[in-house]
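S.K.: All chains, please: the whole structure from these sequences, using the hints.
Chains as they are written, first to last, in my numbering: chain X, 1 to 341; chain Z, 342 to 682; chain L, 683 to 1023; chain A, 1024 to 1364.
Hints are computed from structural coordinates only; laboratory data are not their basis. Treat the hints with care, since some could be wrong.
Stated by the list, open to error - Anything over 10 Å on all C-beta distances counts as not near chain L; from chain X, calculated: (1) G65; (2) D91; (3) T156; (4) G271.
Said to hold, decoys possible - Restraint ranges, calculated between C-beta atoms of paired labels, are given here: (5) X/L326 to Z/K566: 47 to 53 Å; (6) Z/P536 to A/R1217: 43 to 49 Å; (7) X/T230 to Z/D370: 45 to 51 Å; (8) X/G212 to L/V710: 54 to 60 Å; (9) L/D995 to Z/P536: 56 to 62 Å.
All C-beta atoms, glycine included, are put in the ideal place defined by N, C-alpha and C.
Below are the chains, spelled out letter by letter.
4 protein chains.
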Amino acid sequence: MRIGVLTSGGDCPGLNAVIRSVVHRAVVDHGDEVIGFHDGWKGLLECDYRKLDLDAVSGILARGGTILGSSRVQPAHLRGGVERARGHVADLGLDAIIPIGGEGTLKAARLLSDAGLPIVGVPKTIDNDIASTDVTFGFDTAVTVATEALDRLKTTAESHQRVLIVEVMGRHTGWIALHSGMAAGAHAIVVPERPFDVEELADVVGKRFEAGKKFAIVVVSEGAKPREGTMDFTAGATDVYGHERFTGVANQLSVELEERLGKEARPVILGHVQRGGTPTAYDRVLATRFGWHAVEAVHNGRFGMMTALRGTDIHLVPLAQAVEHLKTVPVERYTEAECVL
Amino acid sequence: MRIGVLTSGGDCPGLNAVIRSVVHRAVVDHGDEVIGFHDGWKGLLECDYRKLDLDAVSGILARGGTILGSSRVQPAHLRGGVERARGHVADLGLDAIIPIGGEGTLKAARLLSDAGLPIVGVPKTIDNDIASTDVTFGFDTAVTVATEALDRLKTTAESHQRVLIVEVMGRHTGWIALHSGMAAGAHAIVVPERPFDVEELADVVGKRFEAGKKFAIVVVSEGAKPREGTMDFTAGATDVYGHERFTGVANQLSVELEERLGKEARPVILGHVQRGGTPTAYDRVLATRFGWHAVEAVHNGRFGMMTALRGTDIHLVPLAQAVEHLKTVPVERYTEAECVL
Amino acid sequence: MRIGVLTSGGDCPGLNAVIRSVVHRAVVDHGDEVIGFHDGWKGLLECDYRKLDLDAVSGILARGGTILGSSRVQPAHLRGGVERARGHVADLGLDAIIPIGGEGTLKAARLLSDAGLPIVGVPKTIDNDIASTDVTFGFDTAVTVATEALDRLKTTAESHQRVLIVEVMGRHTGWIALHSGMAAGAHAIVVPERPFDVEELADVVGKRFEAGKKFAIVVVSEGAKPREGTMDFTAGATDVYGHERFTGVANQLSVELEERLGKEARPVILGHVQRGGTPTAYDRVLATRFGWHAVEAVHNGRFGMMTALRGTDIHLVPLAQAVEHLKTVPVERYTEAECVL
Amino acid sequence: MRIGVLTSGGDCPGLNAVIRSVVHRAVVDHGDEVIGFHDGWKGLLECDYRKLDLDAVSGILARGGTILGSSRVQPAHLRGGVERARGHVADLGLDAIIPIGGEGTLKAARLLSDAGLPIVGVPKTIDNDIASTDVTFGFDTAVTVATEALDRLKTTAESHQRVLIVEVMGRHTGWIALHSGMAAGAHAIVVPERPFDVEELADVVGKRFEAGKKFAIVVVSEGAKPREGTMDFTAGATDVYGHERFTGVANQLSVELEERLGKEARPVILGHVQRGGTPTAYDRVLATRFGWHAVEAVHNGRFGMMTALRGTDIHLVPLAQAVEHLKTVPVERYTEAECVL
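M.R.: Below you can see the structure in the form of structure tokens.
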């Protein structure tokens, strides 16, 4: 068989592990040929690719990023390109395409699949917000990086007798905040699923100081927002140049808390370190298994499906179902986390 | 309510996280009192304990080991002590005991539970061999430590043009070998579930050298054994003093492979580093959730049960069922791993 | 003898290692008594302290922060307090005081020493800008944390085809930027010692893209400033509330570079993670040696001195000399670093 | 100019950083051409090499091992090959050779230099035993890896109430044991420079238990030996096959201490993990500087010299002097370390 693989969307630790696994399983065990499209869907539309043999994927398992490059998917662009994609698939004699990507990518994958192209998707997001899989690779690495930062910040907050507002990734869901906050023993966790009330938050932190503690760590998702009417809030603060570019919630919260508590409060924005670099062992195993099962799905003709973790097993779920809704933090998970405050 | 907690068996990253979570949930949210027995079941039998309030568990979330101490359980000893335990539970006015431990501990827990004591167990093993839970805390840390070591060993094996036989923990099951081997891209993985044939192994490694590669990494569980009749083998090699104390498989395999391959082969025994030190973020979250749900089970009167992870949820399973059989590496997981050799 | 120890100024990995070493050397080897003042000089002025025996320092070697607490020194306040300090030293029967701190602390130490108090200083700064010692503990940890972040950011910058402007600590000197930039292979390093010209910087980065590279990493010290007249620049940007609080250089540079290069440029501000958490092995050894030699200096009556590393040996240098001038990055070190761009 | 570079001897984190730095400095700043010989001196003798341009060294800064391969130097072999080497240098039009290696390599370098070949050496050893430089790259990484392992082992030793005898690298000198033991707070440190008396050692550890402590960590260099007449000792224990291959000191010490103390004592042999994998930031900076200055030495015609760190500066020292004697742990450094036991 001849299989094309591509990576699309934001960086995510484990992408290379999937690529390597696809090539190993396909080439070594099935005698397939694998090509990799450059820069995501763009590579498919422009027929820009290279051959991927064992040498091409040697030594990439633990490397962050993607050897194939990536680009943000533009669904409209892709919609107009279905026929072009079909043409390239035919010209290249491809039996299957394995796109590895997040919500946008999987929606695009479904579009092409519905148009009859032979697609098996592999889900990818550090945010862990894809509903049809227990977890996605990249998430454990992001949580690990955030937790290590929080571990470090605790001693420095304590020495400086400060409140630190630590902003982690998560535009629509609070999974990274929830897990890293729980793992590091944060004193408050603020997620997009539950708009916050700054008075309540100040109250929680204030009680901690009243109890004699000398510092507090608040973990907040970048997408967190105040409950309506409780605080002036600019989603995406404006920088000194008038550009709306900096995520604003930690900055704004630190000002508000400082005023209410009379304690120094400082924002720390972890940023891109959460999505780069070598994946954790957990993510490497998950990514490798996803790659393996994607190749199996191709050989079993299970097109229009996506790999998913359920418990300890890898299942296939329809692409249609995969992107139906976002997996948000349920209230009971949030309640568990509150107990460790 | 008044709850007693104890840790029993070998060291495992995450024990302190469970203790902390039990105390937080019980004290803060339910207004309970918690005591901790020293050195496992011994503390219960000898009524050796201390009070655990919030201060007592401050700062322990990320610390390895157990602040309560531990000891290996001796079930026979415990059997004779059921009445003594019952007496202490009554004297101390305990409404529940939460033992945190491995197979032996959980068997003991069942014994006491069958005798009518109010027990909720929390499973613990770095080996991940408890069948009724998807995974146990401590396992991810062990795999992470082993993977980091393997990452380092790869470059040195390559520079020295050697075969390295890396022995990881796992007396009865190969989970640590499987996951760390897969995560690090080992070239062969040897587990207790599949007795090895040294000729076959030499063949796999030899083919790698024939293909022009300059080194190989073999990961082997400490409990791995050769297929009967294929190799002289001493389970637990004898040291120079005549003590049978060193795990022998990596040592013996390195000699056999060196003779067959004509390449330098060296054993590396990772040993106790796999079970000590700060837990990974994954293990801290799982341990914290286990502690939280154990307290809930106590308050719901669900005695004779054990916390377990199923998918992304924490369930309760009967202690009786929990220790029925060992969770071994199924053949399909091993097959997945082969593809990355 | 009776020795008082205190920590003053910002958090710095290794403070606890010094405290522990002082106590071990003094108590175990000399039979001294040690007390620790709380919250820096404040503790001395307010006679707020506790006894430090072996138990008090058990387990703190690898812990970030300081068990004694710290506060920023206010020299004026201290100047008025010399007599008060002298009184407390007499009342407590102290034979020596060992203050551990940065430039401000050492200046205060000199003040008290000149007034006749028995002082041996231990220098501390993650910035590495104290001239009379080859290096200070805390610096290696800060560089290590920054380097690990840069390692991660490289893959994500590559995947996203971006310029990342990474701001590291260093208000007056560029040591952390120089070492972390060199260690991680940054493509440009901007330090306070050499005001930058944004056109030149855009040129360097632009050439990299012209050569076919897909990303660039610029490391910039928080205290870096543009060459006069080359760029509008606000030292300390204003936030949305009108507070002048965010370090601005990475934010402003990213805007300027994006406009000039036509490539996405994003700021990443590493912040407080650089000064918290467990110290590296290097810093633990240096801190332990500083503590040991401070006690020796006390026993040898070498007051008014400070411990310093010269090559591989610990020397004593006069406090007067220690704080005479800042150790800045010399031009030849900068030249070395340029070669790795 | 045309420069040849080679790496020789055991693996050492930082080799690739030197190679990269040599290429960057030579190619970018001087317009030189660089070739790399394969597998150490063997590559020079057999004229086996490849061109090293900027692409060839892209991405290797943080990678362990050596992209050029290595082999153990056989001085006798090399002695017979001087004329062959001279011939290849002439044929290839080389203006200089930069060998990167340990004691054996530098002796060989001196041999060739004395024979008139244009050599600038770069010292390399994780053992830190080269006298003419304050420190060698690779050492900090080895100490860091050993310290991280010791950190982990402390909690597990405590939980199991055991003595752990941890064997680290160092055949002739105890630098790694000294620094990692000091960094991790080991309770005894045993180095080759001071033959140990097992009774004394048992006494030190025994007193710790008498003082109520529940565990002890002893760090021992692989080359440590007992004081004559104090203990039966087999340097290099024999394995079950009659092969003399396992370093024996930790194994033998654990048996002896267990018998004397009546406490479980277990050996842990860290082995090759200490010399592989990504170098620390410290080692990357030092290696990069060594490479830079080696190229400068070439351009300044300073042949027969070797790069060396003195304080914070890189100096050149004669190869003749460089290998005169081993840098051993001086007694005063050992005394410093004792205070932290």
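S.K.: Hint by hint, which ones does this structure get wrong, listed from lowest number up?
M.R.: Violated: hints 1, 3, 4, 7 and 8.
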